[in-house]
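Asker: Here's the letter readout for the chains.
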Amino acid sequence: MEEIKIEIKDELDIFIVQNAGKKFSREIGFSKQEVETIAIVVSELSSNIVKYAKKGEISFCSLQKGGIEIVAQDQGPGIKNINLALQDGCSDEKSIVFDTKHHGLGSGLPAVKRLTDEMEIETTKDKGTTIRVRKWKSKYR
Amino acid sequence: MKVPLIKIGDKLLVSIQTTIIDSVVASLREDITNEISTSGVKGLIIDLSGIDIIDSFFCRMINDIGHDARILGAKTVVVGIKPELAITLVQMGMEMRGVMTSLNLNKALEILK
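Taken in sequence, the protein lines are chains A and B.
The end of the first sequence is residue 141 by the working numbering, with every number in the run present.
The end of the second sequence is residue 113 by the working numbering, with every number in the run present.
The shape of chain A in the complex, shown without the other chains (with noise of 0.2 Å):
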């Protein structure tokens, strides 16, 4: 199985991996549609890493049965309220994220969820995140 692991450290890297991911998708034959709603979960994913915890690491890699596996990790804060986190407009105002200073807009995660197919969230607070996404070309869905 292929694997690609980017490091994320500023702004900038969310282009690099954008561009990353999007490539990666093509290669694994996924549609043009399909290559877009993915480029726009790993920006999601990654801004929201340069925002809360300053670094961390995005991997790709294609699942056998037709589909691409995102890992988005690091070691920020921590989300307090993954439920809430879910919600649409909820912000981190709403302590939402442990420790923050930043005020996020509460609609990146809920638009990953909504654009991928499965996702598991791992939080701990001060020891990091880990979130893993999964699509599936449409015609394994």
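Certain hints may be false.
Within a straight-line C-alpha distance of at most 25 Å, the following computed BS3-like cross-link-like pairs (lysine-lysine) qualify [said to hold, decoys possible]: (1) B:82 <-> A:137; (2) B:113 <-> B:2; (3) B:82 <-> A:113; (4) A:51 <-> A:32; (5) B:7 <-> A:139.
Anything over 12 Å on all C-beta distances counts as not near chain A; from chain B, calculated [said to hold, decoys possible]: (6) 4; (7) 5; (8) 9; (9) 15; (10) 30; (11) 31; (12) 53; (13) 54; (14) 82; (15) 89.
No lab work stands behind these hints, which were simulated from the structure alone.
Keep in mind the model is a prediction, meaning the values are calculated, not measured.
Cβ coordinates follow ideal geometry from the N, Cα and C atoms, glycine included.
Once you have looked at the hints, place chain B on chain A.
Answerer: Relative to chain A, chain B alone:
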């Protein structure tokens, strides 16, 4: 990097030719509101034909710019969104409520007439 703001008559044209990072979008918002308030344009056209990705932050910023412009007395029309981006925006559940949209620059100019 700075996005150029082009004034044509009483309209302001902002053509974003490439995907830009979040901090640039945020400063673009300030530039646009400043330009509208100093030059008093009545219409704002944002051309997104060069954009490959519209994520939740970017979408929110476009909406916010539309609201800013309205408060400052200008109507906003967003043009040139690629079809695959339109589909993705709908799938994401994002809406462009603060702005009008049109297919191309010509139609936008008609709307703002």
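Asker: State for each hint whether it applies.
Answerer: Hint check:
| no. | hint | in the structure |
| --- | --- | --- |
| 1 | B:82 <-> A:137 | 22 Å, holds |
| 2 | B:113 <-> B:2 | 28 Å, violated |
| 3 | B:82 <-> A:113 | 23 Å, holds |
| 4 | A:51 <-> A:32 | 28 Å, violated |
| 5 | B:7 <-> A:139 | 48 Å, violated |
| 6 | 4 | 20 Å, holds |
| 7 | 5 | 22 Å, holds |
| 8 | 9 | 34 Å, holds |
| 9 | 15 | 20 Å, holds |
| 10 | 30 | 17 Å, holds |
| 11 | 31 | 18 Å, holds |
| 12 | 53 | 5 Å, violated |
| 13 | 54 | 8 Å, violated |
| 14 | 82 | 8 Å, violated |
| 15 | 89 | 9 Å, violated |
When the structure is compared with the earlier hints, violations turn up for hints 2, 4, 5, 12, 13, 14, 15 and for no others.
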